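Protein chains: 2
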Amino acid sequence: MDKFHRNERIAVLLKTLCDSPGETFTLGNLADIFGAAKSSVCEDLDVVQNLLSKFEIGYVESISGSLGGVRFIPGYSKNKIKDMLDSVCQELSNTQRILPGGYLYMLDIIYNPKRVSDIGSIFAGCFFKKEIDCVITVETKGIPLAFATAKHLNVPLAIARHNSEATDGPSVNINYLSGSAKKIQTMVLSKRVLKRNSRLLFIDDFMKGGGTAKGIIELAKEFDCEVSGIGVLVETCKPQKKLVNDYVSLVTLNISNEEEEMITVEPSEVWM
Amino acid sequence: MDKFHRNERIAVLLKTLCDSPGETFTLGNLADIFGAAKSSVCEDLDVVQNLLSKFEIGYVESISGSLGGVRFIPGYSKNKIKDMLDSVCQELSNTQRILPGGYLYMLDIIYNPKRVSDIGSIFAGCFFKKEIDCVITVETKGIPLAFATAKHLNVPLAIARHNSEATDGPSVNINYLSGSAKKIQTMVLSKRVLKRNSRLLFIDDFMKGGGTAKGIIELAKEFDCEVSGIGVLVETCKPQKKLVNDYVSLVTLNISNEEEEMITVEPSEVWM
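Chains as they are written, first to last, in my numbering: chain A, 1 to 272; chain B, 1 to 272.
I should point out that these hints are in silico values taken from the structure, not numbers from a laboratory.
Note that the coordinates shown come from a computational prediction; the quantities given were computed from them, not determined experimentally.
Among these hints, one or two may not hold up.
Just so you know, same-sequence chains aren't split out, so a pair can sit in one copy or run between any two.
To be verified - Pairs of lysine to any residue residues, derived as SDA-like cross-links and limited to a Cα-Cα distance of at most 20 Å, are as follows: (1) Lys-80 x Ile-57; (2) Lys-214 x Gly-28; (3) Lys-82 x Lys-130; (4) Lys-183 x Arg-196; (5) Lys-78 x Lys-214; (6) Lys-191 x Asn-112; (7) Lys-78 x Val-251; (8) Lys-114 x Cys-237; (9) Lys-3 x Lys-54; (10) Lys-195 x Ile-109; (11) Lys-238 x Gly-28; (12) Lys-221 x Gln-49; (13) Lys-221 x Asp-32; (14) Lys-238 x Ser-117; (15) Lys-130 x Arg-196; (16) Lys-221 x Met-262; (17) Lys-38 x Lys-82; (18) Lys-214 x Ser-64; (19) Lys-195 x Glu-43; (20) Lys-38 x Val-244; (21) Lys-15 x Ile-109.
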C-alpha cells in the first residue's frame with residue numbers, strides 16, 4: 001500500500017467522496033486506503049468539510065454506530081443554484097430559440113456536459129433525502145440530464161422507450177395520453193431494469209401538460225415501484241394545471257405571444 | 001477572494017483540473033483563484049501530477065508560450081484499462097444475458113453511471129489527441145456512454161434520432177442500411193447541432209455489422225463534418241468484416257452457438 005502525505009490525502013479524499021456521492025466510507029476504509037491513523041483521517045475530513053462549505057457544493061455527513069462512517073451529500077447552496085439558474089434563463093431568453101408550437105430550441109444546453117452535470121447536481125441535492133433507488137426518464141432529450149442526476153445520486157438509470165427493442169429482453173408496455181397534444185403514446189420498459197418496490201425519480205428536460213410524468217407513474221405501478229420525485233428543467237406557464245401535482249421545476253417558460261415572439265424564462269417560484 | 005492553505009489548494013486543484021479535462025488554466029488564473037504566488041501553484045501542480053500518476057488516471061500537460069498554462073489530459077494506464085475491461089467481461093459472460101438474435105442484455109451495465117463514467121474516461125483517453133469537437137451517437141442505448149465520453153473530453157454531445165421532433169428545429173435526414181439486418185433506417189439530426197468542419201467522435205454501445213457507424217459518416221458529410229474516431233463498447237466477432245475499418249472496440253463478444261448458449265466476452269485484441 002502506498003503511503004500518502006497529508007496534502008495528498010486531503011486531495012484524494014475530496015475527490016473520492018465527491019466522485020461517489022451517498023456512498024458510505026468507514027474511517028477504517030479510509031485509514032487503510034491512505035495508510036494513516038483514523039485520527040489523521042478525521043482531521044483531513046475537517047479540511048474537506050470546510051472546503052465543501054467554502055464552495056457551497058454539499059457536505060460530509062457522519063453516520064454513527066457500528067455501520068457508521070462518512071459520506072458526501074451533494075447539494076448546492078440556494079444562492080449558487082440561483083446564480084446557475086439565472087445564467088440558464090439568460091441563455092434561454094432568446095427569441096431565436098422559439099419553435100413552432102410553443103417549443104424552445106435548447107439542445108445546445110441539454111446536451112452540454114458541464115451544464116447538464118451542474119443541473120444534475122441541483123436535482124441530486126433536491127431529491128437526495130428521498131432515498132431514490134433509480135432515476136427514470138423517457139427517451140431521448142432528457143437522458144443526459146437523467147444520467148447526470150443518477151451519477152450525482154450514485155444510483156442506476158432506467159430509460160423507457162417508445163418501441164421495444166431486441167436488446168431489452170421481455171418488456172412491459174403502457175399507453176398514456178400526452179398532456180398537451182392529447183395523443184395516445186406508448187412507453188416500453190425492459191422487465192429486468194427495475195427491482196420491485198424501488199423508489200424512482202423521474203427526470204425530464206421539459207414539462208408542458210405533465211402527460212409524460214403521469215405515464216411514468218402508471219408505468220412504475222406495473223413494476224410495483226413508486227415515483228418518489230419528479231424533476232424537470234423547464235416547465236411552461238400554460239397550462240398552469242398539470243396532470244401531476246408534486247414536481248420540482250428549475251425554470252419556467254412563458255411564450256406569451258408566439259407571433260410577436262415574446263418570451264420570458266425565469267427561475268421557478270421555489271428558487272426566488 | 002478567499003485565501004487557501006496549501007492543503008486546500010492541492011485538493012481544489014486536483015478536483016478543478018479533473019472536472020474540466022482539456023481546459024487550459026494559466027498559472028495566473030490559478031494564482032488568482034487561490035490568492036497564492038505562481039511559484040506556489042507550480043509546487044502544488046507537482047503534487048497533483050504525482051497523485052495522478054499514482055492513480056494512473058491521466059496527467060497534467062504544460063503548454064508553454066503566452067497562451068500557455070496547464071490542463072488535465074484524461075487517460076487510464078493500459079493496466080488499469082485491462083483490469084476494468086476484465087471486470088466488464090466477467091459481468092457480461094453470463095449465459096442468462098443471451099437474447100434471441102445473438103444480442104446480449106447489458107442495460108444494467110450501460111445505464112450504470114459509475115461503470116459508464118469509467119468507460120467514457122477510457123474512450124476520452126483513446127481519442128483525446130484527435131482534437132474532437134463533438135461526440136455523436138444515435139438514440140438510445142449509446143447515449144449515456146456518449147455523454148460520459150463528451151464530459152471527459154469537455155465537448156458537446158450530438159444525438160441523431162430516428163424521427164424528427166418539434167424541438168429540433170430544421171433538421172437533416174439520411175437513410176442508411178443497417179449492417180446486420182440489411183434494413184433501411186432513417187437518421188435525423190437538428191441543423192443547429194453541428195458547426196461546419198467539426199471533428200466528430202462516434203460512440204456507441206454495440207457494433208455488429210457497422211451499419212450505424214457508416215450511417216453516421218454519411219450524416220457527418222451532410223454537415224461538412226468529419227468522423228475522426230469511432231468507439232464502441234462491444235463488438236461482435238461475426239461478421240468479422242465490418243462496414244467501417246477504423247474503430248476502437250473495448251470488448252469482443254462471441255456467441256458461438258445460440259442454442260447451446262456458448263458465450264465468450266474478452267477484451268478486444270488491442271488491449272491484450
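Checked hints:
Proximity of Lys-80 and Ile-57 under a CA criterion of 20 Å is satisfied intra-copy only: 8 Å inside one chain copy versus 30 Å between copies. When the C-alpha separation of Lys-214 and Gly-28 is checked against a cutoff of 20 Å, the pair qualifies neither within a copy, at 45 Å, nor between copies, at 51 Å. Proximity of Lys-82 and Lys-130 under a CA criterion of 20 Å is satisfied in neither setting, with 22 Å inside one chain copy and 37 Å between copies. Taking CA atoms no more than 20 Å apart as the test, Lys-183 paired with Arg-196 passes in neither setting, with 29 Å inside one copy and 37 Å between copies.
Taking the shortest alpha-carbon separations for Lys-78 and Lys-214, neither the intra-copy value of 29 Å nor the inter-copy value of 47 Å comes in at or below 20 Å. In the homo-oligomer, the alpha carbons of Lys-191 and Asn-112 lie at most 20 Å apart only across protomers (16 Å), although the nearest pairing inside one protomer, at 31 Å, exceeds that limit. Only within a single protomer do Lys-78 and Val-251 lie at most 20 Å apart by alpha-carbon distance; the minimum there is 14 Å, versus 44 Å between protomers. For the homomeric pair Lys-114 and Cys-237, neither the shortest alpha-carbon distance inside one copy (27 Å) nor that between copies (36 Å) is at most 20 Å.
In the homo-oligomer, the alpha carbons of Lys-3 and Lys-54 lie at most 20 Å apart only across protomers (11 Å), although the nearest pairing inside one protomer, at 28 Å, exceeds that limit. With identical chains, the CA atoms of Lys-195 and Ile-109 are at most 20 Å apart between copies only, with a shortest distance of 15 Å across copies and 32 Å within one. For the identical chains of this complex, Lys-238 and Gly-28 are neighbours neither inside a copy (54 Å) nor across copies (48 Å), given an alpha-carbon limit of 20 Å. Taking the shortest alpha-carbon separations for Lys-221 and Gln-49, neither the intra-copy value of 40 Å nor the inter-copy value of 50 Å comes in at or below 20 Å.
Proximity of Lys-221 and Asp-32 under a CA criterion of 20 Å is satisfied in neither setting, with 44 Å inside one chain copy and 53 Å between copies. Proximity of Lys-238 and Ser-117 under a CA criterion of 20 Å is satisfied in neither setting, with 28 Å inside one chain copy and 37 Å between copies. Taking the closest pair of Cα atoms, Lys-130 and Arg-196 come within 20 Å of each other only inside a single copy of the chain (17 Å); across copies the shortest separation is 45 Å, beyond that limit. Taking the shortest Cα distances, Lys-221 and Met-262 never come within 20 Å of each other, neither inside one copy (40 Å) nor across copies (36 Å).
Taking the shortest Cα distances, Lys-38 and Lys-82 never come within 20 Å of each other, neither inside one copy (38 Å) nor across copies (33 Å). In this assembly of identical chains, Lys-214 and Ser-64 lie within 20 Å of each other by CA distance neither inside one copy nor across copies; the values are 39 Å within and 56 Å between. Proximity of Lys-195 and Glu-43 under a CA criterion of 20 Å is satisfied in neither setting, with 40 Å inside one chain copy and 50 Å between copies. Neither within a single protomer nor between protomers do Lys-38 and Val-244 lie at most 20 Å apart by alpha-carbon distance, with minima of 48 Å and 54 Å respectively.
For a Cα distance limit of 20 Å, the shortest separation of Lys-15 from Ile-109 qualifies neither inside one copy, at 26 Å, nor across copies, at 23 Å.
Comparing the model with each earlier hint shows violations of hints 2, 3, 4, 5, 8, 11, 12, 13, 14, 16, 17, 18, 19, 20 and 21; every other hint is respected.
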